[in-house]
Amino acid sequence: MGTFKVGALVFDIGSYSVRAGYAGEDCPKADFPTVIGVTLDREDGSTPMETDGDKGKQSGTTYYIDTNQLRVPRENMEVMSPLKNGMKLMFEHYNIPAFFLCKSAVLSAFANGRSTGLVLDSGATHTTAIPVHDGYVLQQGIVKSPLAGDFMSMQCRELFQELSVEIIPPYMIASKDSVREGSPASWKKKEKLPQVTRSWHNYMCNCVIQDFQASVLQVSDSPYDEQVAAQMPTVHYELPNGYNCDFGAERLKIPEGLFDPSNAKGLSGNTMLGVGHVVTTSVGMCDIDIRPGLYGSVVVTGGNTLIQGFTDRLNRELSQKTPPSMRLKLIANNTTVERRFSAWIGGSILASLGTFQQMWISKQEYEEGGKQCVDRKCP
Amino acid sequence: MGTGADVRDILELTGGENDGPISKKDLINSDKKKSKKTTETLTFKRPEGMHREVYALLYSDKKDAPPLLPSDTTQGYRTVKAKLGCKKVRPWKWMPFTNPARRDGAIFHHWRRVAEEGKDYPFARFNKTVQVPVYSEQEYQVHLHDDGWTKAETDHLFDLCKRFDLRFIVVHDRYDYQQYRKRSVEDLKERYYSICGKLTKVRAASGTEPKIYIFDAGHERRRKEQLEKLFNRTPEQVAEEEYLIQELRKIETRKKEREKKAQDLQKLIKAADTTTELRRAEKRVSKKKLPQKRETEKPAVPETAGIKFPDFKSAGVTLRSQRMKLPSSVGQKKNKAIEQILMEQGVDLNPMPTEEIVQMFNELRSDLVLLYELKQAHSNCEYEQQMLRHRYEALLKAGSGGGCGGITGAGTLASTPGGDAQSWPSTDDIKVEAKEQIIDVVGAPLTPNSRKRRESASSSSSVKKVKKP
Chain A
1 MGTFKVGALV FDIGSYSVRA GYAGEDCPKA DFPTVIGVTL DREDGSTPME TDGDKGKQSG
61 TTYYIDTNQL RVPRENMEVM SPLKNGMKLM FEHYNIPAFF LCKSAVLSAF ANGRSTGLVL
121 DSGATHTTAI PVHDGYVLQQ GIVKSPLAGD FMSMQCRELF QELSVEIIPP YMIASKDSVR
181 EGSPASWKKK EKLPQVTRSW HNYMCNCVIQ DFQASVLQVS DSPYDEQVAA QMPTVHYELP
241 NGYNCDFGAE RLKIPEGLFD PSNAKGLSGN TMLGVGHVVT TSVGMCDIDI RPGLYGSVVV
301 TGGNTLIQGF TDRLNRELSQ KTPPSMRLKL IANNTTVERR FSAWIGGSIL ASLGTFQQMW
361 ISKQEYEEGG KQCVDRKCP
Chain B
1 MGTGADVRDI LELTGGENDG PISKKDLINS DKKKSKKTTE TLTFKRPEGM HREVYALLYS
61 DKKDAPPLLP SDTTQGYRTV KAKLGCKKVR PWKWMPFTNP ARRDGAIFHH WRRVAEEGKD
121 YPFARFNKTV QVPVYSEQEY QVHLHDDGWT KAETDHLFDL CKRFDLRFIV VHDRYDYQQY
181 RKRSVEDLKE RYYSICGKLT KVRAASGTEP KIYIFDAGHE RRRKEQLEKL FNRTPEQVAE
241 EEYLIQELRK IETRKKEREK KAQDLQKLIK AADTTTELRR AEKRVSKKKL PQKRETEKPA
301 VPETAGIKFP DFKSAGVTLR SQRMKLPSSV GQKKNKAIEQ ILMEQGVDLN PMPTEEIVQM
361 FNELRSDLVL LYELKQAHSN CEYEQQMLRH RYEALLKAGS GGGCGGITGA GTLASTPGGD
421 AQSWPSTDDI KVEAKEQIID VVGAPLTPNS RKRRESASSS SSVKKVKKP
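Chains A and B supply the protein sequences, listed in that same order. If you use UniProt numbering, the first sequence corresponds to residues 1 to 379, in order. If you use UniProt numbering, the second sequence corresponds to residues 1 to 469, in order.
Simulated from the structure, these hints should not be mistaken for lab results. Please read all numbers here as calculations on a predicted model, not as lab measurements. Each hint should be verified, as a subset may be incorrect.
[To be verified] DSSO-like, lysine-lysine: derived pairs with alpha carbons at most 27 Å apart: (1) Lys201(B) - Lys162(B); (2) Lys201(B) - Lys363(A); (3) Lys224(B) - Lys321(A).
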């Protein structure tokens, strides 16, 4: 008896947020946006933060993760990351003893108790369907579509522009008055606002829109129909500046673009695949013997899938598209934590297994083999 | 949360018995002495920890005693409670360890009990790999040479197989298409298994017949093609297949019905023939000449012909008229028919039951029933013939509108009156209509038959009405 757990850190670097924490726990300790704030020194002494700046300072950010968020001594800790970048950085800069990389799709599947399945990950920038067989990703079956969270945000932004409503982030608001529904907001701007960069301002506005997106949008059960949508109950939402309104048909129309891109505005041509098509195309590219296995465990992960009604609609679409003899099972965790962090949780599970200890890439192996050992050892 | 042992430890007092690190036995199995005592008391005491009801199930008051020698000398039904905190804590140490499953001998650290220092890493035994055969250059040149595969490609294949533990789907996915040709999963499997087979043959000691796994690539390819087709069926095809299966079932049932009818008919006819022959034989031949023939002919009479009157041999006194009574197996309609014919012929319904009359009367009624059945069958056949004729004419019309296929079909139909309907998988509009007509017409024979029966029954009743006044 005894604990065979080697102390390990798990990092999951996504396009929207970074998740980091200790292996063996059930949720990451640190979850923060993947935006690098770089302070610039200006002539007038003010130091605004530029978010779209040069990414060369990445080591500064990871330094931030290591020592401030996790408070981890840098010796004797192994690091596990779902991404391929930065390995050299890890070994040479931070002197860690061992390292391992794993594809996040495999980890999501593990977190749901499966080693074979189709992982549908709908995050901020992409919606991807990745077939995983026996713990290995089938790279030729990966299908990607850019219709995801950011696409939704863009559509919401356009909606607000159509309604000629201004998005004011909270940092600018000093006070606001309550107004009637639909009437323009009345609010007072803060005095002595620092001179912020445009990118930072945009980032703050995006936060407001993402909050609207998360709380208001809903996916309808069947393909979008004007009359049905008009009868759906409306949701009341108030922006930070006091503007409040009831949203009815629009809340169904915008996410429809995920499933049926032919009607969505702002898309060039109709070459985009809806989510249902993404899944079926991905399975169709795999060997026919494993298709029932893939359809029998479709794992739904990613923050964008938390939109109300997403999984029901997906279930409906897939059952229409698959042959009737096929057993279809959708696995979607209900809690936000599990769905957003499923790759991280899978990494935590994997790193705490006793049988995982032989899979680490130790410093010695890295010195001998270089970067090729990653290709060999990591699935 | 200090226990006595901890306090003593802090104050550095000695005095606790069994000083030193705690062992598993102390925690869990500390009751050996006590258990011995309970085994000595053999009578009806229930073991501690066992529920009263369970004990009552096993041993009720006056029945068998519990066994003399209990088989289990450990805890019995007691739930084990771990006694924590009674001894000193076993120390843990942050110690380095090597994992024998690793090839580089890297040293990692983890927390482990001091007592287990030096033991092997227990999870190393789970490191199992698949045995992929390794061939030498020479072996390749001599035995494994193949036109479709270069040595480099074969080496690449075997390398992938070893890395992925013969998961061919993953191997196929990671196969290098730019450098080598595009291969299907069956190609890879075929090459691998053929090499394995050749190597086992070559390396086996002379005289032994090694078992080789034969991989049938052609069969696999065909199977997968078929699966693909099945997978890619459109819903219309699925619906069409369902429809065709239902049609087939309908046709089969109809065929069975028809056969059954034909068989019944045959039985009737045979019965009629044999009874008439019997009668003739009896009249013609005297008793003396052919007693044997009669005996052999009699069993040929089928039982379904006419009515079988029960021949009861009861002891004591019986009335002969009992023998004249119709058995209950004769249905209402047949009864009516018999009555009607008897009345038409002017025969008394209930004659005086003398011996001869009884016998002849029974025979007469039996023959009447037979006649009735034959008439029924005859009218059925007539009806069917008419129906088929109508159908044939309808098909002629349809056939003349859309090609000669209908005519040939109708031709075959007309030639087998009472034969099967043909199912036509073509989807022509006209033929579909004709098909509908056929189905409607053939599906209907039951109702006209019952109608016919009703008519005959009503005709008998109508005859009765005429006779009454």
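Has the given pair, Lys201(B) with Lys162(B), been kept, meaning a C-alpha gap of at most 27 Å?
holds (21 Å)
Checking one constraint from the list: CA of Lys201(B) to CA of Lys363(A), max 27 Å. Satisfied?
violated (43 Å)
Keeping to a limit of 27 Å between CA atoms, is the pair of Lys224(B) and Lys321(A) held or broken?
holds (20 Å)
The earlier numbered hint that this structure contradicts is number 2, and it is the only one.
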